[in-house]
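Asks: Now for the letters of each chain:
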Amino acid sequence: MEQQKKTPIIGIKNLSKIFQTKGGEVTALEDFSLDINDGDIYGVIGMSGAGKSTLVRCINALEKPTSGSVIFNGKDLMAISGDELNKTRRSMSMIFQQFNLLSQRNVLSNVCFPLEISGVPKRVAKKKALELLELVGIKDKAKNYPSQLSGGQKQRVAIARALATDPKVLLCDEATSALDPTTTASILSLLKDIHARLGITIVIITHEMGVIEKICSHVAVLEDGHIAESGSVEQIFTHPKSAAARKLVYPDEGMRNRYVGERCIRIVFDGSSSYEPVFSNMILDCNVIVNIMFADMKDIEGKALGHMIVQLPKDELQAEKAIAYLRAKGIPVEEANNEL
Amino acid sequence: MNFNVIFNLMLTETGRSLFMTAFATIGAYLLGLPLGVLLSITDKDGIKPLSALNWLMGLFINIMRAVPFLILAVVVIPIPRFLIGTGLGYQAMTITLVIASFAFVARLVENSIKDVDKGVIEAAQSMGASTFQIIYKVLIPEAMPSLVLGAAIAATTILGFSAMAGILGGDGLGFVAITYGYFRWQRDIMWIAVALLIILVMIGQFAGNFIARKIDKR
Ligand SMILES: Nc1ncnc2c1ncn2[C@@H]1O[C@H](COP(=O)(O)OP(=O)(O)OP(=O)(O)O)[C@@H](O)[C@H]1O
Ligand SMILES: [Mg+2]
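Chain order of the listed sequences is D and G.
Under my numbering, residues 17 to 356 are what the first sequence spells out, in order.
Under my numbering, residues 204 to 421 are what the second sequence spells out, in order.
A portion of the hints provided could be inaccurate.
With a straight-line cut-off of 30 angstroms between C-alpha atoms, the simulated DSS-like cross-links for lysine-lysine are [to be verified]:
| id | chain 1 | residue 1 | chain 2 | residue 2 |
| --- | --- | --- | --- | --- |
| 1 | G | Lys321 | D | Lys29 |
| 2 | G | Lys340 | D | Lys184 |
| 3 | G | Lys340 | D | Lys157 |
| 4 | G | Lys317 | G | Lys251 |
| 5 | D | Lys155 | D | Lys91 |
| 6 | D | Lys159 | G | Lys340 |
| 7 | G | Lys420 | D | Lys143 |
| 8 | G | Lys251 | G | Lys340 |
| 9 | G | Lys420 | D | Lys138 |
| 10 | D | Lys155 | D | Lys142 |
Far from chain G by the CB rule (all over 12 angstroms, computed), these chain D residues [claimed, not checked]:
| id | residue |
| --- | --- |
| 11 | Asp56 |
| 12 | Gly84 |
| 13 | Ile87 |
| 14 | Asn102 |
| 15 | Ala174 |
| 16 | Pro197 |
| 17 | Arg213 |
| 18 | Asn303 |
| 19 | Ile305 |
Quick caveat, the hints were computed from the structure, so don't treat them as lab data.
No residue lacks a Cβ here, since even glycine has one placed at the ideal position from N, Cα and C.
Please take these sequences and the hints and turn them into a complete structure.
Replies: This is the structure we're talking about:
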């Protein structure tokens, strides 16, 4: 309820973006609406080509939407231009997949750059830049040039540069997609730390669910230019409703059938063991995926009686492994293909 | 001709060749640099797309570049005559060289600027940089090594033009080579002048490569 009363820091209303290309019209965003509240870490996830980059570029008016509006901090970005737009952009920074540092400037003057263009005196800018380099843990590289840094270090410089103008919002377009998993984790925890310290709103654009899990409070699932589902990360994780969200939360759901083969076996429980632990232990211990085709079980005083027919993995070795496992536990197993 | 006379002749004319080349290059960049920047930013994927202006400038530059140098030099003689009172001599020829080469310089500059990483430009835009700030704080500094290489090409090409201008009475090493080698049949003097031209071109190109490598932080 309280969330509803708060005015969002970024309000996106009925945003559409259609690109005119030689091959015809491409709809990158279609009637897209989303509110991002102050202090959120809002994730936007989607497959390649879903329109994520187009969305961030519309959020800071680098791209002009075909229709709809973006209200940032009470200002309609589509209604302003020139100096006013440039001033407004200073409170909304952005970091990129390719870092986009100025190659001919050293680290320190890269971080000074946004201050320089907003007219901050050199000395003040330099002091601020050094503080920020300290914050992102890369002060010792102040005199180095971007070409002398690793990807993770470059992204730290980019983050310091983005924070230089004390923005209210930090937009991250695939900021960790060019980094290895360890570096990704360290950049994400840096962003989390910055969020905790500065209370800045962060918008994270990604195609990796892992990134959302680690850092976001809210998430919108983007599919073909519109929102398939949005809400708190917890909610989407535990109850994904849309097909697009399910695909992201359970990435190999659809693949499993491929691994299950034709061969079926009947497993008989004669009361000498309880069924549940044996069966689930087989799945875990042998690391196999099976399909239960049929089961007629009764649990009588903790003893399992009855039988079930399961479909074994396609991989023969795995299938044999599962059968051997069950037999070792003293459970009768027989081939059951002709019964179905 | 004894050694001293030849030496003094070569010294004076080398100095005049260098004068023409240096000042004509500077002049050509005064016109060509802004024009080249304008060409690249008004392109359809530049930071300030203005297709009509871009098309007009492109047309103008193509015309300037298509006219052969010697013809252009003859056509523009009234300009130095009007500006400095004469159409002859190395000062006049410097002005002619500027007119003959700024369009070429504009294309060199345009190419260097277009090579600047689009992502870096986008980053500057996202920080709220104005078009003018992007030009002098992003485009030109980022393109600097490539601009220096271009300048070496421009200067050596202008030196070559200045030598060709010798035929029109322009002074310099080209003039020496033509008068002594062609009109007076003193081939040794001609070869000395040609050798000096070759050396100047090599020095110019080497200096350009060296500086470009030195300043490039990539
Ligand atoms: N400038 C453009 N001109 C024409 N079409 C474009 C342009 N920019 C993007 N598109 C199209 O819009 C759609 C969305 O592109 P966008 O770059 O936003 O996707 P994305 O979600 O960021 O993908 P990725 O994960 O690959 O970066 C794509 O179909 C793309 O081809
Ligand atoms: Mg993208």
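Asks: Need the list of violated hint numbers for this structure, in ascending order.
Replies: The structure conflicts with hints 5, 14, 15, although it agrees with all the remaining ones.
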